[in-house]
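Asks: FYI, full-length UniProt numbering numbers position 55 of the sequence shown as 55, with every residue one higher than the one before it.
If you are wondering where the hints come from, they were derived from the structure by calculation, not from laboratory data.
Check each hint, because a few of them may be wrong.
[Claimed, not checked] Calculated pairs, SDA-like style, for lysine to any residue (alpha carbon to alpha carbon, straight line, at most 20 Å):
hint, residue 1, residue 2
1, K43, R129
2, K18, L63
3, K18, L123
4, K43, D58
A quick note: this is a predicted structure, and the numbers were derived from the prediction, not measured.
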Amino acid sequence: MGEITQKPQGALVSHSDKKVAAAALMVEAAGMDDDFGPEERGKIIELIQSRLGLSAEDGAELLSLAEEKAGSSSQLFAFTRVINDSHSAEERREFMEMMWEVVYADGELHHYEASLMRRIAGLLYVSDRDNGDARKKALARLGLKG
1 MGEITQKPQG ALVSHSDKKV AAAALMVEAA GMDDDFGPEE RGKIIELIQS RLGLSAEDGA
61 ELLSLAEEKA GSSSQLFAFT RVINDSHSAE ERREFMEMMW EVVYADGELH HYEASLMRRI
121 AGLLYVSDRD NGDARKKALA RLGLKG
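Using the sequences plus the hints, can you model the full thing?
Replies: What follows is the structure, encoded as structure tokens:
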């Protein structure tokens, strides 16, 4: 994955497109129920650090950048295209697990979140069966029943 680039004066310019896309999709999912709370925010930071391999500082910065980029449904296609172009089918299924962890971070699934997850799975060419398996794995990881 691409790394952070810096302007000569040291200001952060950007993270790799695929990390921004992944984080922005997680932000989209977390905010679908109009409550982007500390549980979702914490889960995204945890996933950015553990799965995307960033430090706490870089993870917080990526989350901030993702929040700026998210918010437009027209962006979903652009973000998912980046994920499709840079990840294998297995990696896209694993990404869906991360997304499910984010939407269930607050312990419940809002119908807007469920709808978004179906759209994202379709855009990532993740089958309904694989998406369902990803959801079950995420629920198990979080200790929730679905």
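Asks: Look at each hint and say if it fits the structure.
Replies: Hint check:
At most 20 Å may separate the alpha-carbon atoms for a hinted pair to count; K43 and R129 exceed this at roughly 24 Å. For the suggested pair K18 and L63, the alpha carbons sit about 13 Å apart, so the restraint of at most 20 Å is met. For the hint pairing K18 with L123, the CA-to-CA distance comes to about 15 Å; that is within 20 Å, so the pair holds. A threshold of 20 Å between alpha carbons decides the hint, and for K43 with D58 the separation of about 15 Å falls inside it, so the pair holds.
Of the hints listed earlier, the one the structure fails to meet is number 1.
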